[in-house]
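Chains as they are written, first to last, in the numbering used here: chain H, 3 to 476; chain Z, 3 to 476.
If you're looking for bench data, these hints aren't it; they were derived computationally from the structure.
Warning: the hint list may mix true and false statements.
Copies of the same chain are indistinguishable here, so a pair counts whether it falls within one copy or spans any two.
Said to hold, decoys possible - DSBU-like mimics (lysine-lysine), calculated; alpha carbons at most 30 Å apart, straight line:
1) K37 - K159
2) K159 - K399
3) K342 - K277
4) K11 - K159
Just so it is clear, the structure is predicted and the values come from calculations on it, not from any experiment.
Protein chains: 2
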Amino acid sequence: MEKVDIIIKTKHMYTLEGEGVGYLSDYGVAIDRGKIKAVLPVSELKKNYEAEKFIDASDKVLLPGFIDGHMHTGHGVLRGVAQDISNWMMEGMAPFEAQRSIEAKDSGSRLAIAEAVLNGTTTIGDDGSDIAGSCDFIQKIGVRGNVSVRIRDALMKTYKAGELYIFDDNYGEKTLNECLDIFSKYHDIDSGRIKIRFGPQGPDFVSLKMLKKVKKLSKERNTKIHMHLQQGSRETKQMTGRYGVRSIPWLDEIGYFDEDFIGIHLTDALEEEVKIVAGRKASMILCSSSIGIIDGIVPPAKIFQDAGGIVGLGSDQALGNNCHNIINEMKLTAILNKVKYEDPEVMPAWKVLRMATIENAKALGIDKITGSIKEGKYADLILVDLNQASLAPLYTKPMRNFIPNLVYSARGNEVDTVIVAGKIIVENKAPKTFDMNEILQEVQGHADVIGERATAQFNEINGKNAVYMRENKL
Amino acid sequence: MEKVDIIIKTKHMYTLEGEGVGYLSDYGVAIDRGKIKAVLPVSELKKNYEAEKFIDASDKVLLPGFIDGHMHTGHGVLRGVAQDISNWMMEGMAPFEAQRSIEAKDSGSRLAIAEAVLNGTTTIGDDGSDIAGSCDFIQKIGVRGNVSVRIRDALMKTYKAGELYIFDDNYGEKTLNECLDIFSKYHDIDSGRIKIRFGPQGPDFVSLKMLKKVKKLSKERNTKIHMHLQQGSRETKQMTGRYGVRSIPWLDEIGYFDEDFIGIHLTDALEEEVKIVAGRKASMILCSSSIGIIDGIVPPAKIFQDAGGIVGLGSDQALGNNCHNIINEMKLTAILNKVKYEDPEVMPAWKVLRMATIENAKALGIDKITGSIKEGKYADLILVDLNQASLAPLYTKPMRNFIPNLVYSARGNEVDTVIVAGKIIVENKAPKTFDMNEILQEVQGHADVIGERATAQFNEINGKNAVYMRENKL
Chain H
3 MEKVDIIIKT KHMYTLEGEG VGYLSDYGVA IDRGKIKAVL PVSELKKNYE AEKFIDASDK
63 VLLPGFIDGH MHTGHGVLRG VAQDISNWMM EGMAPFEAQR SIEAKDSGSR LAIAEAVLNG
123 TTTIGDDGSD IAGSCDFIQK IGVRGNVSVR IRDALMKTYK AGELYIFDDN YGEKTLNECL
183 DIFSKYHDID SGRIKIRFGP QGPDFVSLKM LKKVKKLSKE RNTKIHMHLQ QGSRETKQMT
243 GRYGVRSIPW LDEIGYFDED FIGIHLTDAL EEEVKIVAGR KASMILCSSS IGIIDGIVPP
303 AKIFQDAGGI VGLGSDQALG NNCHNIINEM KLTAILNKVK YEDPEVMPAW KVLRMATIEN
363 AKALGIDKIT GSIKEGKYAD LILVDLNQAS LAPLYTKPMR NFIPNLVYSA RGNEVDTVIV
423 AGKIIVENKA PKTFDMNEIL QEVQGHADVI GERATAQFNE INGKNAVYMR ENKL
Chain Z
3 MEKVDIIIKT KHMYTLEGEG VGYLSDYGVA IDRGKIKAVL PVSELKKNYE AEKFIDASDK
63 VLLPGFIDGH MHTGHGVLRG VAQDISNWMM EGMAPFEAQR SIEAKDSGSR LAIAEAVLNG
123 TTTIGDDGSD IAGSCDFIQK IGVRGNVSVR IRDALMKTYK AGELYIFDDN YGEKTLNECL
183 DIFSKYHDID SGRIKIRFGP QGPDFVSLKM LKKVKKLSKE RNTKIHMHLQ QGSRETKQMT
243 GRYGVRSIPW LDEIGYFDED FIGIHLTDAL EEEVKIVAGR KASMILCSSS IGIIDGIVPP
303 AKIFQDAGGI VGLGSDQALG NNCHNIINEM KLTAILNKVK YEDPEVMPAW KVLRMATIEN
363 AKALGIDKIT GSIKEGKYAD LILVDLNQAS LAPLYTKPMR NFIPNLVYSA RGNEVDTVIV
423 AGKIIVENKA PKTFDMNEIL QEVQGHADVI GERATAQFNE INGKNAVYMR ENKL
C-alpha cells in the first residue's frame with residue numbers, strides 16, 4: 003500500500019484525454035504532492051493506495067478544472083456599468099475606469115478570481131497592467147495563473163476620431179519593464195503554478211520596434227505572447243492609417259505568428275486572415291459572451307478550428323460580459339455559433355467542453371501540466387454535484403446526457419469542489435483559502451467611491467446608460 | 003395600525019410599473035390575503051401596518067416574480083437527450099419520448115416546475131397533452147399556472163417525408179374533450195391562480211373545422227388560444243401541401259389572430275407575416291435558448307415589437323434548451339438579438355426584464371393580476387440576494403447596475419425568496435412547499451427505465467448522439 007495525499011472515488015469521470023471527452027466509469031484518482039499519481043478503476047485504487055484524505059464522489063462528476071484563457075480581472079470592481087451601448091469604451095467604461103485606483107482594481111481582481119474559482123475555473127488567465135495584486139492573490143489562494151502583462155507605447159489620453167495614437171518610447175519602456183519585473187517575480191513560482199506572458203496590448207497600441215523587442219525577449223525567456231488581435235474597426239483604422247495595411251497581414255509580414263503567439267478575439271478578422279494565423283500554429287482565445295454583448299459579433303472560432311488552429315475560451319471582463327463563469331462561455335459559444343451558421347450541429351457540447359479544458363491548455367501552452375486528468379499532470383480538478391435540478395435526471399444509457407446538461411443547463415453553482423495542484427480550494431461549495439464576505443465588502447467600498455467620483459463625467463458623456471437612468475429603465 | 007399577513011422592507015425595489023422598470027428606493031410592500039395591499043416608503047409602511055411576518059430584505063432586491071410563457075414541463079424527465087442535432091424531433095427526442103409513461107411525464111413536470119420556481123419563476127406556462135399531473139402539482143405547491151391543453155387532429159404516427167398528416171375527427175374530439183375537462187377542473191381555481199388555455203398544437207396539426215370550433219369555444223369561455231406558429235419548414239410544407247398557402251396568411255384569412263391569440267416561436271415567419279400577427283394585437287412568446295439550440299435561429303421578436311406587438315419569454319423544454327431558468331432566457335434574448343442585428347444596443351437588459359415580467363403577463367392576458375408590483379395585484383414576488391459574487395458590487399450612482407447584472411451575470415441561484423399570491427414558496431433558497439430530493443429521486447427512477455427501453459430505437463436511428471457515444475464524445 004502506497005501512501006498518497008488524496009484519493010477521489012467516482013462513478014463518472016471525464017478525463018478529457020484523447021479526441022473526445024475520455025469518459026471513465028467507476029474510476030478514481032490518487033493525488034500526491036500536487037500531481038495525479040494514478041487514474042485507476044476504484045477496485046485497483048483501493049488495493050494499491052491509502053490516503054490522508056478520501057473523497058467519495060459517487061454522486062458527483064470528476065472533471066479537469068476549467069481554464070479561463072483571457073480575463074481582465076481588475077474590471078471586477080466595475081461589473082455591470084457598461085453594456086447595451088454602442089461605444090462601450092468611451093461611453094460605457096471611460097468615466098468609471100478613470101476613477102479606479104490600483105487598490106480598487108486589486109479588489110476587483112479578487113472578486114473576479116473568487117467568482118471564477120467558485121464556478122470551477124482552476125487556471126486564471128489574467129491580462130492587463132498593474133497586475134501584481136492579481137498575481138499575489140492567485141499565489142495566495144493557490145489557483146493556477148497564466149498572466150500576461152500589458153505592454154504599450156500609445157500614450158493614455160483621449161484621442162480625436164481618426165487621430166493616430168501617439169507612441170512614446172519612454173512610456174513603452176516603462177510598461178515593458180513592468181512586464182519584466184512581474185516576470186522575474188512570479189514566473190514559474192510554486193513549481194510553475196504561475197506563468198507570466200508578454201502582453202503587447204494590440205498591434206495598434208505598440209510600435210514595430212517594441213513588438214520586435216517583445217518577440218525577442220519572450221523567446222529568450224521561453225514564454226508566450228498574449229495579444230488582442232483584429233478587435234474591430236478602431237484597430238483597423240489605426241493600422242491602415244499608420245501602415246496602410248490591416249493588422250494580420252502586417253504582423254504576418256514581420257513574422258509575428260508562431261506557436262508561441264496567442265491571439266485574442268479576432269472579432270472582425272477576415273476569413274483569409276484567420277487562416278493565416280491558424281496556419282502559423284498560433285492559437286486563439288474566444289470570448290463569446292463579451293464580444294456578443296459589446297460588439298454584437300460572433301468571432302471566427304469555427305474558421306480558426308477548421309483551419310487546424312487551437313481555440314480556447316475566455317470570459318474577458320465584468321463590464322460587458324458581465325461574469326466570470328466558463329460554463330456560461332461554453333453555452334454562449336455553442337449557441338452563438340449554431341445561430342451564426344444556422345446549424346444546430348455546429349459547436350456541440352463536447353467540443354466547447356474541450357475548449358474550456360484541454361484545448362485551452364494547449365492554446366495557452368500549459369497542456370503538459372494541466373487541462374486533462376492524466377498521470378503526471380497536476381491535480382487541477384473539479385467535482386460537479388449531480389443532486390441539482392439543472393443536471394437531473396442523469397442518463398448513462400443509451401447516451402450520457404451529463405455534458406450537454408453541464409453546457410446548456412448548469413449555472414455554475416453545481417461546482418462542489420475545486421482542487422488545484424492537489425490543494426483543495428473549494429469544498430462543499432465553500433471557499434477554503436479565501437473569505438468571500440471580506441471580498442464582497444471590500445469591493446463594495448471601492449465601488450461606492452468610484453460611483454461618486456464618476457458621476458460628473460458620466461453625465462457629461464451622456465451615453466445610453468445615462469439616458470436609461472433618466473427614463474427609469476435601470 | 004392595520005394588520006396584514008406580510009411586510010417586506012427593501013432598499014431596492016423594481017416594480018416594473020410604467021414604461022421602464024419602476025425603481026423605488028427604501029420602499030416596502032404590505033401583503034394581505036394574497037394581494038399587495040400597499041407599496042409605500044418604509045417609514046409610512048411602519049406607521050400604518052403591522053404584520054404576522056416581517057421580512058427585512060435590505061440586502062436583497064424585490065422584483066415581481068418571473069413569468070415563463072411557454073414550457074413543456076413533462077419533458078423534464080428527458081433533459082439533455084436531444085441537442086447538437088439537426089433533426090431534433092426524429093433523431094433526438096423520438097426514441098426517448100416513445101418510452102415516456104404518463105407517470106414519467108408527471109415526474110418530469112415536477113422537476114421542471116421545481117427548477118423554474120427555484121430560479122424565480124412564479125407563473126408556470128405549461129403546454130401539452132396529459133397535463134393533469136402538472137396542474138395538480140402547480141395547485142399543490144402554490145405557484146401560478148397558465149396552462150394550455152393540446153388539441154390536435156393529426157394522428158400520432160411516423161410520417162414519411164412529404165406525407166400530409168392524417169386528420170382524424172375522433173382523435174381531434176378526444177383531445178378537445180381533454181382540454182374541456184381540464185378547463186372545467188382547473189380554470190380559475192384558487193381565486194384564479196390557474197388559467198387554462200386552449201392549445202391547438204399548430205395550424206398544420208389541426209383541421210380547419212377544429213380550429214374554428216376552438217376559436218368559438220375559447221371565446222365563450224373567455225380564455226385564450228396558445229398555439230405554435232410558423233415553427234419551421236416542416237410546418238410550411240404541410241400548410242402549402244394541404245392549402246397552398248403558408249400558415250400566417252391562411253390563419254389571418256380565417257380571422258384567427260386577435261388579442262386572445264398567443265403565437266409561440268414564429269421561428270421562420272417572414273417579416274410581413276410577423277407584422278400581420280402583431281397588427282392584429284395577438285401576442286408572441288419567444289423561446290430564445292431552445293430555438294437557438296434546436297434550430298440555430300433567432301426568432302423575429304424585434305420585428306414583432308417594432309410593429310407594436312407584445313412579446314414574452316419562455317423556456318420551452320429540457321431536451322433542447324436544456325433548462326427552465328428565465329434569467330437564462332433574458333440573457334440569451336439580449337445577446338442573440340444583438341448578434342442578429344450586429345448592434346449592442348438592441349434588446350437592452352431592462353427590456354428583456356420587462357419581457358420576463360410585465361410584458362409576459364400582458365402576452366398571456368394575466369397583467370391585471372400579476373407581472374408587476376402594484377396595489378391590488380397578487381403578491382407574486384421574488385427577493386434576489388445581493389451577497390453574491392455575480393451581483394457585486396452594487397452601483398446606485400451614477401447608474402444602477404443591478405438589472406444588467408441580473409440579466410447578464412446572475413445564474414438563478416441568487417433568487418432567495420419566492421412568493422406567490424402571498425404564500426412563501428421558497429425561503430432562504432430552500433423550497434417550503436415541495437421536497438426537492440424526493441423529486442430528484444423519483445425522476446431518476448423514471449429516467450433509468452426510459453433509457454433502458456429507448457436503447458434499441460436509439461441505436462437503430464443512429465443519430466448524431468449515437469455517433470458521439472461511439473466516439474467517446476459524451
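For each hint, the structure was consulted:
1. K37 - K159: Result: close neither inside a copy nor across copies, 47 Å intra and 55 Å inter.
2. K159 - K399: between (60 Å within a copy, 25 Å between copies)
3. K342 - K277: both (18 Å within a copy, 25 Å between copies)
4. K11 - K159: The answer is neither: 56 Å in one copy and 46 Å across copies each exceed 30 Å.
When the structure is compared with the earlier hints, violations turn up for hints 1 and 4 and for no others.
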